[in-house]
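*Asks:* Put chain Z with the ligands on the given structure of chain L with help from the hints.
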Amino acid sequence: MTSIRLRNVSKSFDGDGRAGGAYTALDRLDLDVREGEFFCLLGPTGCGKSTVLHLIAGFDMPSAGSVEVRDHPVAGPGADRGVVFQTELALFPWLTVEENVSFGLRMRGSDAGERAAILDRNLELVGLSKHRRKFPRELSGGMKQRVQIARALANDPDILLMDEPFGALDAQTRRRMQEEVVRIWTEARKTVVFITHDIGEAIWLADRIGVMTRGPAARVKEIVDVKLARPRPAMTPEFAEIYNALSASIHAEAEAMLNE
Amino acid sequence: MNRFFADRRIFYAALALGTWVVWEAIAAASMPIFFPPPEDVARAFWSSLANGTLVEHIAMSYFRILVGWAIGCALAIPLGLLAGRSRIVRMVLEPYIEFFRFIPPIAFITLFLIWFGLGETSKILLIVYTSLFVAFINTLAGAMAVDVEKIRAAQCMGATARQTFAYVVVPATVPHIVTGIRLALGNAFMTVVAAELVAAQSGVGHLIWNSRLFAQTEFVFVGIITLGLMGFAANWALRLITARVAYRYNIKS
Ligand SMILES: Nc1ncnc2c1ncn2[C@@H]1O[C@H](COP(=O)(O)OP(=O)(O)OP(=O)(O)O)[C@@H](O)[C@H]1O
Ligand SMILES: [Mg+2]
Chain L
30 MTSIRLRNVS KSFDGDGRAG GAYTALDRLD LDVREGEFFC LLGPTGCGKS
80 TVLHLIAGFD MPSAGSVEVR DHPVAGPGAD RGVVFQTELA LFPWLTVEEN
130 VSFGLRMRGS DAGERAAILD RNLELVGLSK HRRKFPRELS GGMKQRVQIA
180 RALANDPDIL LMDEPFGALD AQTRRRMQEE VVRIWTEARK TVVFITHDIG
230 EAIWLADRIG VMTRGPAARV KEIVDVKLAR PRPAMTPEFA EIYNALSASI
280 HAEAEAMLNE
Chain Z
10 MNRFFADRRI FYAALALGTW VVWEAIAAAS MPIFFPPPED VARAFWSSLA
60 NGTLVEHIAM SYFRILVGWA IGCALAIPLG LLAGRSRIVR MVLEPYIEFF
110 RFIPPIAFIT LFLIWFGLGE TSKILLIVYT SLFVAFINTL AGAMAVDVEK
160 IRAAQCMGAT ARQTFAYVVV PATVPHIVTG IRLALGNAFM TVVAAELVAA
210 QSGVGHLIWN SRLFAQTEFV FVGIITLGLM GFAANWALRL ITARVAYRYN
260 IKS
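So the protein lines, in turn, are chains L and Z. Count along the first sequence from 1, then add 29; that gives the number in my numbering. Count along the second sequence from 1, then add 9; that gives the number in my numbering.
If you're looking for bench data, these hints aren't it; they were derived computationally from the structure. All of these numbers come straight from a predicted model, not from anything done at the bench. We put the beta carbon where it would ideally sit given N, CA and C, even for glycine. Among these hints, one or two may not hold up.
In the DSS-like style, the derived pairs of lysine-lysine whose C-alpha atoms are separated by at most 25 Å in a straight line are [said to hold, decoys possible]:
(1) Z:261 - Z:159
(2) Z:159 - L:163
(3) L:163 - Z:261
Just a sample of chain Z residues kept apart from chain L, beta carbon distances all over 12 Å, derived [as the list claims (entries may be wrong)]:
(4) 109
(5) 118
(6) 191
From chain L, some residues computed to sit far from chain Z (all C-beta separations above 12 Å) [what the hints assert, rightly or not]:
(7) 37
(8) 63
(9) 172
(10) 236
(11) 250
(12) 278
Next up, chain L with everything else stripped away, as it sits in the complex:
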């Protein structure tokens, strides 16, 4: 069953009318994400991955084409689609960890008992129970991203949209976070759209990987099924095979981009 469906989606930015300011990021892009799957979007920098995510989240509207979530056109942001942002700017620095995580529940007026239970469960899930009364600025980068994940999950969205959530982390923390995300996804069975430009990360996480062409006028170039058993050890021959194929595909785009 299809969870997210993009058909003929184009997106241009008018660049405030400046000469050379207008830019067509996406041109007649098609994309289907299945219910409950872990989908990774891979592509060279600036190709339009975040733009796709923003359209699904409802932060922005397509210039043409349709964006549907569970057969309903997307009209704006909603609590059914949780977002983990690339930057920590998305956290509320004036709220403690637990206040950040329970923000959505408070906004939607859930009762205090239910709220406490959900809060405890999600803090536990991301291993932040001991830090619940701290403010974001008192946390490390990895901990902040875990707050974002817990915060998104606490609203129990059908779909989790993650835009390079681990881009700023070191290799070890990154690996731990990836393991946590897979664990959370296995437990909660959300549909996940995860943006990255780390090929290894995509193979390690995804059921399917969508590779985008370079911009402007980007599209989804190919979809790669990752049929590896979980948990996935890195660098088995099968892993390496997919890695090399993806690497060649993305390199071709990056090369072409540099030669343009």
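*Replies:* Using the frame of chain L, we list chain Z with the ligands on its own:
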């Protein structure tokens, strides 16, 4: 820690002593009518404190400052928040801001006297004007600078437009608001003196002006020192009030 306080006390005592010595030296090289020595000023200070006039001046100036400042901030904060988030409000207000930002409150004294008379209204309104302006500009800048990621995060957690304004835009702007009201307080002090110099029967500004007319330079000094102390106290009180939320909002003092 004890050592630190001890050192600090010694430090400030030394600083006070140094100031006094320099003051004495300048006074000795000058004449009391130009530069009265500290003991003359101290005597003047005690006499005006004893007969109650100084307290009355302080009370009147504080009254004008605090009322004008409070009204100014109470108007500026919601207006700034609104303008920061609404293009239309901003477009309407912007030309006026760009025009009035170059007009100091002093330029309006005459006009306000004509419009509102010699009573308290004209002086308080002048302080409202000066406070409002700087508090508004700072609130506006803060509200405009709220990260779009924060707004979007709230939206995809189900917050309505109203909730996003109240629970994201407002708290995100708090540090700017605090800066604004602090600067506004400073402006209010400068303006009150100007207003009281021109037209008042009381207030520290009046004390300064009146003493000058009677060539009582030591009382001019009393007025100036009083103003400094008043500002110091007001700022300290404001800091005490904001200290309650300072850590949460990461406000540096
Ligand atoms: N608001 C905007 N105004 C103008 N151009 C924009 C805007 N947002 C994105 N673009 C352009 O659209 C293209 C795609 O941007 P997008 O942020 O989606 O790339 P990305 O694939 O997420 O890149 P990265 O991997 O570096 O994050 C870029 O060329 C960018 O310059
Ligand atoms: Mg991006």
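*Asks:* Evaluate each hint against the coordinates.
*Replies:* Comparing the hints with the structure gives:
| no. | hint | in the structure |
| --- | --- | --- |
| 1 | Z:261 - Z:159 | 22 Å, holds |
| 2 | Z:159 - L:163 | 19 Å, holds |
| 3 | L:163 - Z:261 | 18 Å, holds |
| 4 | 109 | 28 Å, holds |
| 5 | 118 | 40 Å, holds |
| 6 | 191 | 18 Å, holds |
| 7 | 37 | 25 Å, holds |
| 8 | 63 | 21 Å, holds |
| 9 | 172 | 17 Å, holds |
| 10 | 236 | 23 Å, holds |
| 11 | 250 | 28 Å, holds |
| 12 | 278 | 31 Å, holds |
Of the numbered hints given earlier, the model fails none.
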